[in-house]
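Protein chains in written order, with my numbering: chain A, 3 to 373; chain B, 1115 to 1473.
Possibly wrong hints are sitting among the right ones.
So the derived label-pair ranges between C-beta atoms look like this [to be verified]:
| no. | chain 1 | residue 1 | chain 2 | residue 2 | range |
| --- | --- | --- | --- | --- | --- |
| 1 | B | Y1216 | A | T62 | 28 to 36 Å |
| 2 | B | N1217 | A | E301 | 44 to 52 Å |
| 3 | A | P289 | B | G1182 | 48 to 56 Å |
| 4 | B | Y1216 | A | R292 | 41 to 49 Å |
| 5 | A | P289 | B | E1158 | 28 to 36 Å |
| 6 | A | G64 | B | N1217 | 35 to 43 Å |
| 7 | B | K1349 | A | Q121 | 35 to 43 Å |
| 8 | B | T1442 | A | T62 | 52 to 60 Å |
| 9 | B | Y1216 | A | Q44 | 45 to 53 Å |
| 10 | B | K1349 | A | E202 | 24 to 32 Å |
| 11 | A | P68 | B | Q1287 | 19 to 27 Å |
| 12 | A | T62 | B | D1179 | 47 to 55 Å |
| 13 | B | I1188 | A | P289 | 32 to 40 Å |
| 14 | B | R1416 | A | P289 | 27 to 35 Å |
Because the hints were derived from the structure by calculation, they are not lab data.
The beta-carbon is built from N, C-alpha and C at its ideal position, and this holds for glycine as well.
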Amino acid sequence: MNVDVRPPMQTERAKRVRPAIVDCDIHPRTRSPADLKPYMTQRWWDYLQTYGARRRHGYTKGTPYPKAQPGEASRRDAWPPGGGLPGCDLDFMREQHLDAYGITHGIMNPLGLTGQGDQNREFSAALTSAVNDWQVAAWCEPEPRLKASIVVPYEDGEAARAEINKRASDKNYAQVMLLSRTAEALGRPRYWPIYEAAVEHGLVVGIHVFGYSGWPISNSGWPSFYIEEMAEHETACSALVTSMILEGVFERYPTLKVAMIESGFAWLPPLGWRLDKHWKRLKDEVPHLRKAPSEYIREHFWISTQPMEEPEKPDHLIDVMGWIGWDRIMFASDYPHWDFDDPFMALPPSLDEERRRDIFAGNAQKLYGLA
Amino acid sequence: MAGTGTQSWTAVDCDVHPRVPNMRALHPYLDEYWREQVIDRGIETLESIAYPPNAPISARPDWRDAKGEAGLDIAQMQTHVLDRWETSAAICNCLFGVQMVYNEDMAAAFARAMNDWLAKEWLDRDPRLRGSIVIPLQNVEYAVDEIERCAKDKRFVQILVLCMGELPLGRRQYWPIYAAAERHGLPLGIHAGSSYHHPVTSLGWPNFYLEDYLSQSQGFQSQVASLICEGVFVKYPKLKVVLIESGITWAPGFLWRLAKFWRGVRFEVPWVKVSPLETFRENFRLTIQPLDAPESGDTVARLIDHLRSDDILLYSSDYPHWQFDGDTVISPAIPDRLRRKIQVDNPLATYSRLSEEAP
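Take the sequences, apply the hints, and build the full model.
What follows is the structure in structure tokens.
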């Protein structure tokens, strides 16, 4: 059921408030896989037709935990009038999202059929490369407010490095994009070529939740429900942040900047405290660390807001934001997904104007070098 | 309400660890078949890599004996914990790795032997000690049998499982265990540790032991989500779940996340009628060691404020694990006004059997 009340409300609010907004998480979609065909060789286009995507789960179509809404978890009011899945129509995205909220920049994070994490290593490289071409041609060129993310065949570090090198000089790309559920935790040396290339080109590494590691999503095996899968994305993020710090990624690449996307954020300060507490006792195991783990978090990690945790008392979230650091928090809407955060409604009401401006735009402008 | 015997109580230590030294110590408690099996197959120990005995965290330096061992000797536990901190009662959680065994018959035999060993070698020798029933979760019928067998001894006050097992604990096949728990007034204690039947992270096996230990809190989060979402507390509203050695600071943020998602997709779990936050406050308790928070400033007080409950924390030393130094079992970061509640009132309200069998 589409809800008609949204667009007029948005327009009225947009006139009244109008803060500059950088949206750090927008999900563009193809109208159909054929949109990618111009950027693929015949061999890999045929492969896609014959075998399809083979992620580390059993389904040819759909997801192991069915989502909460049709259209790959879309807002019910985001289906373009001209047809296709939510997020596939640039004009409608402009009207419903970019213009309605006064978005100055939107960072696109393609999900779905992108080739990231596919079991076939070469297919993963071919498809991710096509998705990168498509983002620029179909979105960034007609709409300069939109920035692309370099999707990479992350399970093959060298192939990922090559893809980053190929794209880095094009300013349409804002960052390198990884998913959180990789085959091993992202601190492992197999992923270091990605960080090396990112640092070499001054690119942020954005880690968006999702993907399929092939391991159970809880360390007690598979839970029953989608709500549990949603909750578990945070545990994967905790494991990957832990891994990146303890493996010494930031000692090796001291200028590396990481943005956590769609992970929520209230888990991050407790993770830092827990890391510090037990590192003090067990630090002889990781002598390559030169400071407390929480200091690496403070220096190297940025977070995006959605899905923002919702305390019973909204101001409790302000405690958490303060623990993370006001210069590290960036707004994200997750448009056009069902759990979209409305920029006009999402932040705790008692947040002051300066912090509001930093979260809506300032912090992301600085991190991504957006004018 | 607490029985008359508990009025003078000063502290209930909800987590101490007597250590089974090796399989030989259990030989007297195994039947002939299993005694022969462990001898013929050379099963020397079930000690788990969750606590490598020589790792710093596994035992506080001043609690190790001349050979570097800890947790083996009741006289030492009396000196180090029970007498030193005027403990009125201490709950023994044995971590010998019965949960790692694949053979369910073997697991049942070992769990029985361990529980009998605990009763005879520890509980019989100090009236302050209480026990947790270790169950062979590998087979639910066996697990219930073991609960029924041990529950007759009122010194057993809790059922003990690990935070990382074969399946999430809310799964319906485990529910007969919760029925037995409710029937006997036994909380389900979930302790840090793994069956190691799955990697300790959802991203596979980590490089460092430090990652292994840190991943425990992720396991606890999964179990909280599973127990609530599957509807365990709808069916067994009186069941108490104690998260032991879980850390506590992850709890508010995780529950805000789960409660938000519940508002979004509650159609998937329609039997869950109240926010997970409320269920957590009603049915879950957490032990205070390790306190994974800054020791100074008001962070801990704010986190307790975030949980919006004074009833939720339980006193624990986690003996002999090395979580704190000196006598600061209760960190100075925890507000003073909660001291009596954490030490006595909350444990007594959680473990109904404590007041039934007051010494």
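Margin query: Quick check: does the Cβ-Cβ distance between B:I1188 and A:P289 fall within 32 to 40 Å?
Written below: Cβ of B:I1188 to Cβ of A:P289: about 38 Å, so the range 32 to 40 Å holds.
Next item on the list: Just tell me: holds or violated, for the beta carbon distance of B:K1349 and A:Q121 against 35 to 43 Å?
Entry: Taking Cβ atoms as reference, B:K1349 and A:Q121 lie about 40 Å apart, which means the hint holds.
Next item on the list: For B:Y1216 and A:Q44, compare the CB-CB distance with the range 45 to 53 Å and indicate the outcome.
Entry: 49 Å, holds
Margin query: If I claimed the Cβ atoms of A:P68 and B:Q1287 lie 19 to 27 Å apart, would that claim hold in this structure?
Written below: 22 Å, holds
Notebook entry, point to check: Between B:N1217 and A:E301, does the beta-carbon spacing fit 44 to 52 Å?
Noted result: 49 Å, holds
Next item on the list: Kindly confirm whether 41 to 49 Å is satisfied by the beta carbon distance between B:Y1216 and A:R292.
Entry: 42 Å, holds
Notebook entry, point to check: Is the distance from the Cβ of A:G64 to the Cβ of B:N1217 consistent with 35 to 43 Å?
Noted result: Since A:G64 and B:N1217 have Cβ atoms about 37 Å apart, the given range 35 to 43 Å holds.
Check: Could one say that the CB atoms of B:Y1216 and A:T62 fall in the range 28 to 36 Å?
Finding: 33 Å, holds
Checklist line | B:E1158 and A:P289 - C-beta distance against the hinted 28 to 36 Å | finding: With Cβ atoms ~32 Å apart, the hint holds.
Next item on the list: Given the hint of 52 to 60 Å, check if B:T1442 and A:T62 actually sit that far apart at their C-beta atoms.
Entry: At roughly 57 Å between Cβ atoms, A:T62 and B:T1442 fall inside 52 to 60 Å, so the hint holds.
Checklist line | Satisfaction of the hinted span 48 to 56 Å by the C-beta atoms belonging to A:P289 and B:G1182 | finding: 22 Å, violated
Notebook entry, point to check: For the pair A:T62 and B:D1179, does the Cβ-Cβ distance stay inside 47 to 55 Å?
Noted result: Once the Cβ atoms are compared, 60 Å apart, the range 47 to 55 Å for B:D1179 and A:T62 is violated.
Hints 3, 10, 12 from the list above are not met by this structure, while the remaining hints are.
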